[in-house]
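*Asks:* Which chain is which? The protein sequence lines are W and A, in order.
Our numbering numbers the first residue of the first sequence as 1 and each following residue consecutively.
Our numbering numbers the first residue of the second sequence as 437 and each following residue consecutively.
It should be emphasised that the hints constitute simulated quantities derived from the structure, not laboratory data.
It cannot be assumed that every hint is accurate.
[As the list claims (entries may be wrong)] DSS-like cross-link-like pairs, simulated, lysine-lysine; straight-line CA separation at most 30 angstroms: (1) W:Lys251 <-> A:Lys612; (2) A:Lys446 <-> W:Lys120; (3) A:Lys509 <-> A:Lys446; (4) A:Lys446 <-> A:Lys539; (5) W:Lys345 <-> A:Lys509; (6) A:Lys612 <-> W:Lys20; (7) W:Lys236 <-> W:Lys223.
[Said to hold, decoys possible] Computed footprint of chain W on chain A, listed as stretches where at least three residues anywhere in the stretch have a Cβ under 8 angstroms from a Cβ of chain W: (8) 476-484; (9) 552-564; (10) 617-626.
C-beta atoms are modelled at their ideal positions from N, C-alpha and C, and glycine is treated no differently.
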Amino acid sequence: MTDMLTPVLTDIWDAEQSWKLATYVDQGGYAALDVAFAMDPDDIITAVKDSGLRGRGGAGFPTGMKWSFIPQDNPKPKYLVVNADESEPGTCKDIPLMMGNPHVLVEGVIISSYAIRANKAFIYIRGEVVHVIRRVQAAVEEAYAAGHLGKDIHGSGYDLDVVVHAGAGAYICGEETALLEGLEGRRGQPRLRPPFPAVAGLYASPTVINNVESIASVPAIVKNGAAWFGAMGTEKSKGHGIFSLSGHVQKPGQYEAPLGITLRELLDLAGGVREGHQLKFWTPGGSSTPLFTDAHLDVPLDFEGVAGAGSMLGTRALQIFDDSVCVVRAVLRWTEFYQHESCGKCTPCREGTWWLTQALTRLENGQGSEADLDQLIDQCDNILGRAFCALGDGATSPVTSSIQYFRDEYLTHLSNGGCPFDPARSTAWAGTEVSA
Amino acid sequence: MSTTAPLDDKTLTELREIAARYPEARSGLLPMLHLVQSAQGRITPEGIEACAAILEISAAEVNGVATFYTMYKRHGVGDYHVGVCTNTLCAVMGGDAILERLKDHLEVGNDEVAVQRQGDSHTVSLEHIECNAACDYAPVMMVNWEFMDNQTPESAVQLVEALRAGHEVSSTRGPKLCTWREAERVLAGFPDGRADEGPSAGPASLVGLEIARERGWRAPDPTATPAIEAAQKEESGA
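In isolation and in its complexed conformation, chain A is listed as follows (with noise of 0.2 angstroms):
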């Protein structure tokens, strides 16, 4: 793991800014500590206290925040977090499968980061999520957020090792996949225009569509509801 560098000016600036998008400041702290992770690689007390002089609130506020949601950690985890829903509908599907096989092939428990072999370019951590809301696509992965659907215990260790080595590795609908500290400034609102990376939709989520296009299905024509709305009142005996 990186060391932890002091948060500078431009990030200072940054937390500033996000709070200012907001009719009231503190309404900017869960972007803000989506920020503080993105430059220090996890909730660090430092972090604390520049959200709380810039928001002016405890420290002890913000820290009641921080520690509420789980999504901030307090920890470190890997260049590539790696999660596992285990929620039941893809536990059923082979997401506890999937968990049980990583943990030992990681040599991890739940939440925690993976040794860097020799050799290895970057790190990995594993963690058991909820519902990712992805459930047409289960048993899903995440990596830092990113969907990766219809996964195997095969694919999820093939998939853990391509991230160790360093291989380019895509979102099964979704983008190239960049690392947790990037992610995070996303999520705080600082976009990274990658947006038209992917697909606009993966296969599951056409199915209903493709049914619709083929039997040539479609809502009801706007220009004939007059008529509809007509025979409704005469059915009703309006």
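With the rest of the complex left out, here is chain W (with noise of 0.2 angstroms):
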């Protein structure tokens, strides 16, 4: 029985500059990077294969086998992209461990690069995080300097180049293809797959996209062995992860568990919900995963427990929202944002999130009818597969789970002649006065 809590990528945020390579090294530190480099390349991806670790931006694709589909007979060079444009609403824990601990991200680069065999990779950070850039690109320098960059990295004969990249403002560019393009110093509009960007990704030529947590999660399991990073989690969902709570808990954070510990054990640690006030709705995995309601404490959040229970583990971006908050006024800011965040490309995303927010905002206004009710629904089912790429999904799932949960919400709101909420009783500094 492994702990409740199991700080790997989070230990080293409480020590003194736990961001320079001397603190790092203290705690072990670019000791795995020895030890892949005197493995095979294979053998690493079979390594991280056999630990079973699965993508943690968001789709839970296993990571080795990722790699494993890059054609190494294709005589381009290959690349090695690190996802770390951060934006899914709700998701805040690449920003923390890249500005606490960078240098396991570039570790972990080091060792996935020479794993696919890439010699040059590229680290795509979303521009609106000037410190999380600055922390990067020094961890980045400090590496060159140490030797553990650039030309035969500690006499392995490997080389490998790394560029930090700041986006520069774009939802989108969280989709890997439309990365890409962002990356190419293009639109940042998908692409459409196959062929996978494993075949021809980054200048057509074949490419790892890696959200940075998994690729954090390498040096580890390097380190310690597959049977080591297996020991957590749950049988199909191996390993620690970082999940994190927001809203109306007393301890909103970051809480690294095994895959697998349910909302339940994670407010208890947590203090609980608001004081006063009870759990009304929360997203497992992000704005883009259905909503889940208190009936769904005990899932276990592992990617096949949230799956089960009509939703998705995403990004473990739990936002807590308690009776005090109109899940219409929620829904529909989400919907305004996928609208501003449609990349214009496909009809059902561009078109569909448009009379999305028209139905929403009617509603929320009280105006309307029950009607209004169904043809949301039937516009989500346009849109719903039939999108281009995962936003015009994801824009989907607030809508159709708050009418699944909360159809009377909607109704009251009609018979209401508006919202019956007072959104001044949500806000952090409501405290104790409106308890009553």
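These two chains come separately, so use the hints to put the complex back together.
*Replies:* As structure tokens, this is what we get:
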């Protein structure tokens, strides 16, 4: 039985100047590099496969398997691209990780690039986090100076260059092929797949794109072994993951735990929901994952558990909303976000998110009729599965799940002639004066 | 607002330097546009032409990129560009109220620059922004893309007044704030040597780790892993 919390990536965050190379090396950092260089690249891929590591950016695709799709007989250069475009509403784990422990990402980049035989790697960080970019830039610079990057790393004969690349504000660039477009200096619009990036990615060359936390998990797997990683988590969702609690909880923040922990357990650690209030709804993995309610407190937060209950584990972005929050207002705001961020490439998403926003605005204002709810469901049916990428699918999640669980609240808006909630009661400073 | 000076030779050299970081020069376009903003305070027609000439693509192609990404501004912003997150979680936690108070206080609409009053040493602009990946610090504001965590309408007004008055202000878990144009230079890939300012992590980032420390919880001991593996095999009847 493992402990309830298992700090691995977060373990160094409370150290003085945890972002410095010296601090990281003091705690055993860069030791995995020599273990890796003593291995055949294919054996590293096998070790990562055996560990059961699945993508930590939301989709949960097995990382080692992704790496094995790189055609090694392709004469073109291979590339590793780290997706550090963390923008999914609710998701806030990669940013503190890169701020507090950038070297574990750099070490992961080196080992992963060696495994897929790439000599050039890119870390694509969203532009809106300047200090995170400073920390990663500095970590890369320190790694070069220490001989962990550049030519003939550690005398292994292996060369690697890393470029830190800042984005410029576009949620869609979290989608891996849109990210590649951005990295090629174009508008961030997704590409048709196939071909998948493993075959024709950056510059039409074989490319692996992994989330920050996935890549950062690699050094410990190489150093401690696949069995060590697999000792945490559940049968098909192995290892540790950072769970981000936000909203109406006593102690919002980052909790690194084995996959499979429940919200009940996490809330217990976080001191529960805001005093004087009840849990109303929550997202298991960001706003693109269907909402859960207090009926889902004991759902194991692993890929299968959450999927089995009708949602997705996503990025473990647990946004907690108590009974002071209007679900229609919440869903309308997310929908406005998807409308704003839709890249415009495909019709169902570009047009559909506009229609959803209009219908939801009417309902939030107490206008329209019950038939609008059916129309919303119909609109969602016409987006889900028909959009070019996952943005459109994700946009429907809050709408359909909120109607499923809170249909009556939508209707109350109509009978009430407007929103029955006072937004002042949900604020962080509403305090105890509203508990009556 | 300062008038726009023409792009100087140093900037043109640096634009070429950015393009040279990549196997294919066009990959440099996003950071190049950040550098244009740093040099000229916005995306200028001259900056678009310069990028197009260096990358040997049309100005229309550069324009298409510059209009796609929200961080690129066609008009000037303040020395301090203030963002208020109004995505759902921050909005509910008070972001909507903060934005309303600031619009009212600064007498601006969205994405506008407040009038520089007599005695103000710096200008401020205001924009509502989407989720900036700091939800555990809601409601969140950003100033020149540095975190200003756990804000209230009152703290927000104090913040913009301190910025206008030219007082030294630091991010709640980052460095002393620089100007928007200085920040854009870092985004273009020219570090300003200030990575070591600020803490390792903010308080909310550490809550889980603190509980683990108190209770003695940690990841499994790697030296004990073979035993774990054996136990698992036994369990599955292998």
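*Asks:* So which of those numbered hints doesn't the model satisfy?
*Replies:* 4, 8, 9
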